[in-house]
Every structure is written in C-alpha cells, then in structure tokens.
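Enquirer: Going line by line, the protein sequences match chains A and B. Residue numbering for the first sequence follows this note's numbering, beginning at 9 and increasing consecutively. Residue numbering for the second sequence follows this note's numbering, beginning at 2 and increasing consecutively.
No lab work stands behind these hints, which were simulated from the structure alone. Be aware that a few hints might be false.
Now the in silico label distances, taken between C-beta atoms and shown as ranges [said to hold, decoys possible]:
| # | chain 1 | residue 1 | chain 2 | residue 2 | range |
| --- | --- | --- | --- | --- | --- |
| 1 | B | 273 | A | 368 | 15 to 23 Å |
| 2 | A | 34 | B | 334 | 49 to 57 Å |
| 3 | B | 144 | A | 368 | 54 to 62 Å |
| 4 | A | 224 | B | 55 | 35 to 43 Å |
| 5 | A | 368 | B | 328 | 20 to 28 Å |
Where is the CB? At the ideal position from N, CA and C, for every residue including glycine.
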Amino acid sequence: MLADSVADFTTRRSPVERMRRLKGAPPGYEKALWKEISELGWVGILVPSEHGGLDLGFPEMRMVLEGLAKTLVPEPLCATAVLAAVLLRNLPSGEVRDRLLSEMAGGACRPVVAWQEAAGSLELNAGGCRLDGVPGAARLNGRKQFVHGAAGSDGYLVSAMTAANEACVLWIPADAGSVKVEHLLMADGRQMAGLGFEHTPVVQEHVVATGLVAKQALERMRDAALIMIGAELCGVMRGAIDLALNHLRTRKQFGKPIGAFQALAHRTVDLFIQLQLSMAVVDEAVKALQRADDDRTTQLASRAKARCSAAALRITRETIQIFGAMGFADECDVGLYVKRAVCLSAWFGNATFHQRRYARLCIVGKQEAS
Amino acid sequence: MTSVRTVDYNAMAEDDFRSTARAFFKAHFPEHLRFIMRRMRWDDMKDWYIAAGREGWLAPGWPQEWGGLGLNPDKRVVYLEELEAYGISRTHEHGVVQVGPILMKYGTPEQKNHYLPRILSGEHIWAQGYSEPNAGSDLANLSTTATVEGDHFVINGQKTWTSMADDATHIYLLARTDKDAPKKQLGISFILADLSTPGISIRPFDNICGHTEFCDVFFDNVRVPIANMVGQLNQGWTVAKSLLSHERINIGSPRRPQYALKRLETLARSRGLFANADFVAQFTVIKMDIEDHTSLYGKYVDKLKRGEELGSDVSMLKIWITELWQRITELLIEVGDEWSSVEGQQAIDGMEVDILSPYYYARASSIYGGSNEIQRNVLAKYVLELPS
Chain A
9 MLADSVADFT TRRSPVERMR RLKGAPPGYE KALWKEISEL GWVGILVPSE HGGLDLGFPE
69 MRMVLEGLAK TLVPEPLCAT AVLAAVLLRN LPSGEVRDRL LSEMAGGACR PVVAWQEAAG
129 SLELNAGGCR LDGVPGAARL NGRKQFVHGA AGSDGYLVSA MTAANEACVL WIPADAGSVK
189 VEHLLMADGR QMAGLGFEHT PVVQEHVVAT GLVAKQALER MRDAALIMIG AELCGVMRGA
249 IDLALNHLRT RKQFGKPIGA FQALAHRTVD LFIQLQLSMA VVDEAVKALQ RADDDRTTQL
309 ASRAKARCSA AALRITRETI QIFGAMGFAD ECDVGLYVKR AVCLSAWFGN ATFHQRRYAR
369 LCIVGKQEAS
Chain B
2 MTSVRTVDYN AMAEDDFRST ARAFFKAHFP EHLRFIMRRM RWDDMKDWYI AAGREGWLAP
62 GWPQEWGGLG LNPDKRVVYL EELEAYGISR THEHGVVQVG PILMKYGTPE QKNHYLPRIL
122 SGEHIWAQGY SEPNAGSDLA NLSTTATVEG DHFVINGQKT WTSMADDATH IYLLARTDKD
182 APKKQLGISF ILADLSTPGI SIRPFDNICG HTEFCDVFFD NVRVPIANMV GQLNQGWTVA
242 KSLLSHERIN IGSPRRPQYA LKRLETLARS RGLFANADFV AQFTVIKMDI EDHTSLYGKY
302 VDKLKRGEEL GSDVSMLKIW ITELWQRITE LLIEVGDEWS SVEGQQAIDG MEVDILSPYY
362 YARASSIYGG SNEIQRNVLA KYVLELPS
C-alpha cells in the first residue's frame, strides 16, 4: 500500500519532467514539495513516535526512497530522513536532539548531517575537524565536504573530534553566521555543499553527544546510509530499465521493433539481472539493518553499495546505447538517469571503494587466518 | 517396493532435517567420491545409489507411496543444498528426476508399476534421447522418426549428447510421429525404449577433458511396443516440457562453482597471492558476485517455501552463476601461471590440483540445460515482454 501511495505521488506530483525543470537552479528542489512529503509522514518514517514520527522501519524507508528515485524526485529525503534521523535517534535523549527529531518529523526543521572530511574515505576524522576549548567556550575548526541537502537546510549535525580525541556530534544552526558555505552544483542538477568552520562558537547545549555513543551512532548512520542509497539506486535502475524497455518495444528500425533484435534483447536481459541482484542484496541488507545485526549489516552495507553503484552506472550508460543517438541528446530523459546514478554511486563510496572495504572486512584477514 | 515410512520429514524443523540428511549421506556416501569433478560412472556410484534408493533418499520429491521421501518443495531445496554441501554429484539421475515425475503425471498404471520401482532399485538406469546432430537448441527440429506398424513403433535416427548411455539400460526419447503436423512441436511423441532392443547401437565419445561422458545412440529399424509411449500420440513435446519449476532452481544453485572456487582459493593461498593487491581485487569481485547471487537465489528459495511456483525468471540464476563459474576458472588458470599448461593432476607448491578440468567443465555449464542464449531469449520474451 505504501508503495502504491509513493507511485501515485510521483505520477501526480513529481514525474521526471519536474527534475528536468528544477535542475541547476538552487536549491535544486522545492520547499513546497518538501512540505508535502513531510505531511505524508515520510520524513518521519524512522523518527520515534514519542517525537511525532511514524516510527516505522527500514523496509518502509527503503520503499519510499526507491519509489521516489524512480522518477528522480530531487528533494533531499535521504539526507534528512535517513542520515539525520538515524544519527539522532541513536544518540541519547536531550533537549536539542529531541527537539530536532520532533521538528524534523513535523516539517518545521530540516537538519542535514555534515560528516565527510575527505573524498574516498568513510573515516570520521579523515580531515581533522576538531572541537577545541573549554565547555561553554568551545570552538569548531575544520572543513566538511560533499554535504548533500545543505542548500536550504536549517542546520548541520556536524561530527568532529574533541581535544580528548573522542568523537562528538554538534548542532550548528544554518543561521549561526560563522559558517562558510560553498555550494556545489552536482552532475544531476541538485546541490551539495562544503562547510568551513573557523573558530565557530558551539554552545554547550549544542554538543549533542560525545564519546563512544556518538561514534556508534555515526557508524549506524553510515550503514543505514549505504543501504538506503542502494535502495535509491534501485529506483534509478528501475526507472532507466522502464525507459529502455519502452523504447525497445516502440522504436522501429529495419521494419521491426528494435527489441526483437537479439543483440539488444540479450543486453537488456543482462541489465535486468543486475537490477535483480541489486534488489536481492538490498532486501537482505535491509533485513539485517532492521534486526540491528551489526557485524552482518556492515558487510552487507558494502555489498549493497558496491553492487547497486556498479549496476546503476552500467544500466544507465547502456540505456544510452539502447536509445542510440537520441540517448546522447540532453532532451532525452536517459541522461537524467545517468547523472543521478553518477551522483548516488559516488556518495558514501563507489563500487571500487566498497569492494576494497569488503576485501578488508571479509577476505584478506580470513585468508591470513586460515 | 513401497515401504512404510514413519517419519514426516515435512513436519521436521529445517535444522533437524539438515542433520538427518547429513547423517544419511555420511553413512552411505563413500568418502573418496566427495567433491569429484568428473562424471561418476555407475561402478563408482551403484552402492550409494542402491542404498539411497532403498531408503527413499534417492528420490526426495517422489511421494512416499512410490518409495520417495515425499518432500515439499522447500525441503527438497534443503535436501539439494545438503547434497551439494556434502559433495555428492547427482549422476544417473534421469530416472529419478525426469522419467519418474513424467510417468507420475502422464504414465499409465502399468507403466508406473513397471518402471518406478525399477528406477529406485537401480535395475533400470535411464538415458535421455533428446538432442540430435541437427536438433540442439532447436530441439523441436528433431528428425528421428517413429512409424506405427501394428502395435509397434519402428524407430530410425540418431540421438547424441546422451550422457553415459553406455551405463544405461533404458532411454526415453522424443521422436517424430507426424511429419505433416502444422507446427513441428505437434508431431512429436515421448517413447521409452530398452537399450538392449535389436537395432540400437551406442558409440561413446570423449568430452573436452578427455573423459568419456557422452554417447551417440543410433536407431536402425528399432521395434518398440506402442504401449511404451507416454502420454498421447503427438503430445510428446508437452510431456517433455512438464519438468517442475523446483528442479529448475537447482541449475542456478550458488554452490555449483564451489569446486572451482575451492581450487582457486587453495592455489592462490599456496602461491601467496592474498598479499597481492591485484589478485585480491579480482578475487573480491568474484566473491561478492557469489554472495550477491546467494541473496538472489535465497529469494527464489523463499518463494518455494511459501508454496509458490517459480516463473521463467528463475532462468536468470542459471545465466549468472554459470558465467560466474566460468570467470572463476579463468582466474584459476591465470593463478596457475605456467603450471596451467600441464595436463592433468599435478603437485604445485605442495598441493595436488587439477587446474584445467574446472576450466573445461565450466564451459559446458552455459550450454546444457538450455544454452544461456536460449535462456536470455526466454527472459526477453516472457519476463521483459520484448517483441520477437
């Protein structure tokens, strides 16, 4: 039923033409549509019910993300409803944390998470973002990169290391003033940002969590993000394959629909197999994530992100070939899918990155041990 | 032959059934035959075959009244998983997998009573007479003829790629009984023949690995009673196509390349390649491809467990795993370096390994059971609904 309402929503409110219209113009999405999405409750799917969320699970979140990605809906749902929600709900209760969860579920506030410090790294302290000074007079220094959904957001949940070398999560409101925001136009027409902090003051109540609990919540967020981006990539793949199938059935050359040619039909079957493998891994990963089976989730998260990233790039670029010269024209929708696949594949580590990570987790150590 | 069985395996918890199966295999399957790459001959297999047939464990899907275990589809998948995990190759299985289920569906009471017990006892070993020199992927193009003369068919023609016909006592074949049928599929009948019938001659030939596996079977005015026909005259195509969907999942099992994968891992370890970043990258891709395949296969197993039939989309498992199996063996011969040019079993860095057999055998996997190109046609037409 949820899948049906998502499909209905995309048909009525956000078909692919909408992405085409919005691309390139900051903030890359529409606040009015974000409001509709939050009124449907989808921003609060992972928010506990005591904070006004739907308190459903990852299977439901996956369904919504996959469904919206199928028509390339540009609103930054994953950045807030997955990253911010999973991070916050895994942090200890407190005034700021509880308020952010409630406002997020109600649509009054849209926080995003600024965790990444270097390209090609999932490490929490890859770039040396630090919180220094004494409580009450703390200052944040450093840079965050590739922050999805930052444009038009209400503030940033920032990870950093304390002077005692512990992980912490801070809340920096967007109107704090001393944050240098560099907006970047993404390949698919959405926006992301780099954030620069230079002696940015952080009041004590905005230090949302410190220590092991912060580190674990960030890791949980990372696993959830990998799997949920995998779900979005599945939506992109499904959309692209539908485009390809429609073209194969209707485009005629040499007197017959081009889908009747084996060279194209077999190629399309191979793409379909990649989609099915991707969906199967995401299914399994979502189950592990929902059970909070952490060791298995981490491996599965890398498998899901690796498979979905590689498969989505392949499916979308081969869809260009299926469309022939038309696929190379900007006015053809195929390009929109290619570009979304490029962006989502790169986010949180691409296929090669996750193959290496999986090798470290599951292969190299095991072989040395045996 | 029907024996009284008191255990309801379907009611057993999955783990209990697994250990029961494992215990049976351990008690009856010879240790030295586990995980063998080549096709097993009847002399190797007959003790196991007869013991398993006697106890019902040869025919997991057959009803208990016919001497099987009467397993539901989900338990049958578990059975196959355990069979593969124990390294038991399914040989001489045409009687159990093809002839038995087909007779149960289309056979006369006389045919069932005569043939079914003899399959399980090992008295009858069945070979398949489908492919011909000019009818491979286009099987319906077959030209072996069966002409009615009184109460007999007179069969003429040639079958080929018949696995181990030289071990078999009987053959089930498709023959053309109506040359003028409006569609070539409509003029074919399904016939059972005793291989000792005068006029049948068998010529074994070696496969690419140098093992005798296949045979040509020649029919020269072979007289077979019409009572040996299964189903109606000219309905043989339908009879032959009735194989159940849970058998089709097995050809896509993630364990099929396990012999090749084990060889690859062992050889690579002994050659110190897990310290080599290039090799680790290649190996990781293969490992993740297998893991992901296992996830996809698991979705189909879950469907069977829910009692659903599988559609033609199950073919994708076969395509993916057989081509992955081939990639494993391609990496295996790279890892062997110059050793890969040596014929047969050899000692490399202290381990006995046959590098080339997996490479050769994996080639067959994308051809048999419907070539991967035919499988892609099926998926394109019935799943993707592409025009043809």
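Enquirer: If a hint holds in the structure, say so; if it doesn't, say that too.
Expert: Structure-based check of all given hints:
1. Taking 15 to 23 Å as the suggested C-beta distance range, the pair residue 273(B) and residue 368(A) conforms, at roughly 18 Å.
2. Checking the proposed 49 to 57 Å range against residue 34(A) and residue 334(B) shows it holds: the Cβ atoms sit about 55 Å from each other.
3. With their beta carbons about 58 Å apart, residue 144(B) and residue 368(A) fall inside the hinted range of 54 to 62 Å.
4. A C-beta distance of roughly 57 Å is found between residue 224(A) and residue 55(B), which places it outside the suggested range of 35 to 43 Å.
5. The beta-carbon spacing between residue 368(A) and residue 328(B), approximately 22 Å, falls within the hinted interval of 20 to 28 Å.
Violation of the numbered hints given earlier is confined to hint 4; every other hint is satisfied by the structure.
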